[in-house]
Structures are given as structure tokens and as C-alpha cells.
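Using the hints, position chain B against chain A.
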Amino acid sequence: MTHTVIQVDAVLCRVRMQADAVAALSPSDRLDIEPEAGSQFVISLMAEGKTIAVASVEVIDGRLVATIINNGPGLAGRRIDQWKYTKAKTTA
Amino acid sequence: MNTTATIANQKTPIRKYQLGQPIIRREQRIAFERIHRAVAQTWSDSMAEYLPSDAALEFEGLDFDAFSSVSIDESLCAKIALFSIASTPIGGFLMMTGALAKFLVSNRLGLKSATDDKANEPFTRIETAIARETTRAMLTRLSDVYATAGLGRIGNIRECDDLADSFLFAPDEYLALLKFRMRALGEELRLLIGLGANAAAAMSERHPATIAKSNSRNAIVDVVRQLPIEVDVVLGSWNVPLSELLQLRTGDKIVLPDGEDAWLAARGVRIRRIGVEVSATGTSVEIRRSTRMR
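Read top to bottom, the protein sequences are chains A and B. For the first sequence, position 1 matches number 1 in our numbering, and the numbering has no gaps at all. For the second sequence, position 155 matches number 155 in our numbering, and the numbering has no gaps at all.
Keep in mind the hints are simulated off the structure, nothing from the lab. Glycine included, C-beta positions come from ideal geometry on N, C-alpha and C. Each hint should be verified, as a subset may be incorrect.
As the list claims (entries may be wrong) - With a Cα cut of at most 20 Å, we get these calculated SDA-like pairs of lysine to any residue:
(1) K50/A / R16/A
(2) K253/B / D61/A
(3) K179/B / A137/B
(4) K179/B / T134/B
(5) K179/B / D63/B
(6) K50/A / E244/B
(7) K179/B / E60/B
(8) K50/A / S237/B
(9) K253/B / E58/A
(10) K50/A / L242/B
(11) K50/A / L246/B
(12) K253/B / T67/A
(13) K179/B / S75/B
As the list claims (entries may be wrong) - Here are some of the chain A residues that sit facing chain B, going by a computed Cβ distance under 8 Å:
(14) V11
(15) C13
(16) Q18
(17) S26
(18) I43
(19) A53
(20) R63
(21) T67
(22) I68
Chain A extracted, bound-state conformation (with noise of 0.2 Å):
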């Protein structure tokens, strides 16, 4: 069982958008995201559609990394926090 691969996904943040506000997404429109006030700067890597663990994330020599703040069986099924978006077109 142990050899099992399991594919993870790096999530950095979730929003809730309008179906129609989806749809209309096209090549060169750009989302700004920040995170709900109090909300840390973390990443959820998941599994299955559940989160297996929570890192904190920072930029190191221009690489992303993410440190590992929790994981294991009491964080699964754990939600994201929502994030806000504003939409905005890119002008250059």
C-alpha cells in the first residue's frame, strides 16, 4: 500500500466566483487575490479533493517554498480560506 502514488495538488488559495464570472474569463484578464483579513499566506496541498497538509509559503533566492505548519488526519476535509478577487484587464 505504501507504494501507492498519490498525485498532489499545490492549491494557493480558493475563490468563490459567479459561473457566468468564469465563463467570461479570457486569455491576458487578471485576477488580483488577497487573502481575507487575518488570513495567513499558506498553501494546501491536497489530495483527493482533501487537504492532506497546510504550508506557509515565502520566497526564497526567487523559488517558491513552502514550510509545512500542519498536517495529518485532523486536517482533512479542512476548507480553504476563502480569498476576495478583483478583476481587472491587463493593459500592456
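What follows is chain B alone, placed relative to chain A:
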């Protein structure tokens, strides 16, 4: 009486599409048919005073066909009126067969219906005037119904002796053909309205109330559009043996993908390619041109 549900459930025979034939959506067809059922009812009501109780005009159906396919009644009593719909490029005609015109005029005069040997005789001057007035009255009521439905009022009415020489439509031009009939004298007396095929398109541009009411599908679509969807910003994914995952401990560090090949996902389904820039204050996501997503 047809209700919306029964009309919607009526099966329209499926026919092979011919190149050049106009396309009409199902909702438009239903609305178009409903309008012309109302026309038939209005006509019948207005003639109820002098027509036998069992004689009423019924809407038979809508069809699209080339102008050249329209069978023209060459009876001397047939009545044809050409018209246009105001403020639109839509032209049309109303064609009443000679038998129907004879029947209406005879009943209006309180005469017995024409016998077989008189059926082919031309109208007298009085009868011609009555037939003309009847046609005009029908067009006025048609105009009222069209105006109520948002199609516009009928104008520029002129009589025509020979539809083929009216130059109203080109022979290969497709028309919306609205067929009416009246069962009387043991036969079916017919009336036809022909409209430029752009009439159906005009209906969708003007969104008449009848369409909006009939189109409950639009209401559903509007609700679906407002549904909230949780969208994940996914930096990347990788395959990990379960054994490694079990060894993951607090404080372990993982180098994450750089965000160049990230994606948006809804319930595990990738919906857009994105590029992600992470800063101290937040995250910026740029939608990328889509490539095939898994």
C-alpha cells in the same frame, strides 16, 4: 385550447436541412405559432356574427419554403394582399383561396353558400367590395396581434391580382408560411400568410413579451449563471508515493512550482491555464491562452 405545455410537447416533424433555409429556434417557433393561433382566434371571433357556429379559422402550422413553391389559387375570387411590417424590412402577403373568399362573402351577405356551379363565377362588384373589406379587416386584426407581439404594425397594404408577378420575393427566397384553414361545406377552405424569413429573426431581436413568457429556459440559464463556483488556484501537482507522504512532518520544506504552468480548477476540473505571481501582499493571476487541458 392549446396551453404552453401542450404546444411545447407537440412534436415537429424533423426534416433534412436544406442549404439557405432559415434557422428558427424552437422557442421562436413556439412563439410564432402561438401568435398565429391568436390571429386565427381573433379572426374567428370577429366573423362569429355571420359565420355558421361550426365554422372557425384554425391555425394549421408554420413551414419554411421557397416562394416558388407556394401554390397560388388561380380562382377569380382568390384575394391576395401584399403588405410590409413598419420599421422592418419584412414584407409579406395574405392569400385567401377563392373558395374561402366566396364562403365569407356569401355568409356576410346572408346568402346560402355558393353552389358548385356558381363557385367559379367571379365576384360581382358588391361582392368584390365586401371581399376587399373583409381582407382589410383581417389585416387590421393581424396588425394588432403583431404589434402586441412586438413584431410591428402592418402597413403599405396593396391588393395584388397575381402573386407571382408581385416582385415581392425572389423565386428562391425562403418564406415563413403560416397556414390557416376553415372546415366548411365539407371541405377545407384555406388561407396563407407568407412572411420574409427574417420575420423570425426580428422576433428574437425585439424579444416580444410572448417569447419571454414562453421561454422558461432563459430563466433557468439566468439562475445558473449566478451560481457561485469555488475556484481553486492550483500552482501545480506532482505524484508522491504514499510512503513519502506519510513521512511528511511539520517544518518540512517543499519547493513549489514557480506558477508559470498553473491552472484554475473547479471541483478538480481544470478550467483555465494561468500564470501566478506571488507577492507579500497577495497573489496575481493572469489567464493564459488555453491549451488542451486534461
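- Holds or violated: K179/B with T134/B, Cα cutoff 20 Å? holds (18 Å)
- Task: Answer holds if the nearest beta-carbon of chain B is closer than 8 Å to that of Q18/A; otherwise answer violated.
- Result: holds (6 Å)
- Query: Is K50/A close enough to L242/B, meaning Cα to Cα at most 20 Å?
  - Reply: Holds, at about 14 Å.
- Mind checking the CB of A53/A against every CB in chain B and telling me if the closest is under 8 Å? holds (6 Å)
- For the hint on R63/A, just tell me whether its beta-carbon gets within less than 8 Å of chain B. holds (6 Å)
- Query: Is the interface hint for I43/A satisfied, with its Cβ closer than 8 Å to some Cβ of chain B?
  - Reply: Check passed: Cβ of I43/A comes within 7 Å of chain B, closer than 8 Å.
- Query: Does the structure keep K50/A and E244/B at a Cα separation of 20 Å or less?
  - Reply: It holds: about 17 Å lies between the C-alpha atoms, which stays within 20 Å.
- At a threshold of 8 Å, is the proposed contact between T67/A and chain B supported by beta-carbon distances? Hint holds; T67/A Cβ to chain B Cβ min 5 Å, cut 8 Å.
- Compare the distance between the alpha carbons of K179/B and A137/B with 20 Å, and conclude whether the hinted pair is satisfied. Status holds; Cα separation ~18 Å.
- Would you mind confirming whether the straight-line C-alpha gap from K179/B to D63/B stays at or under 20 Å? holds (8 Å)
- Query: Given the hint that K253/B pairs with T67/A, does the C-alpha gap stay at or below 20 Å?
  - Reply: It holds: about 4 Å lies between the C-alpha atoms, which stays within 20 Å.
- Message: Given the hinted pair K50/A and L246/B, is their Cα-Cα distance within 20 Å?
- Response: Given pair K50/A, L246/B holds - Cα atoms ~15 Å apart, limit 20 Å.
Violated hints are absent here; each numbered hint is respected by the structure.
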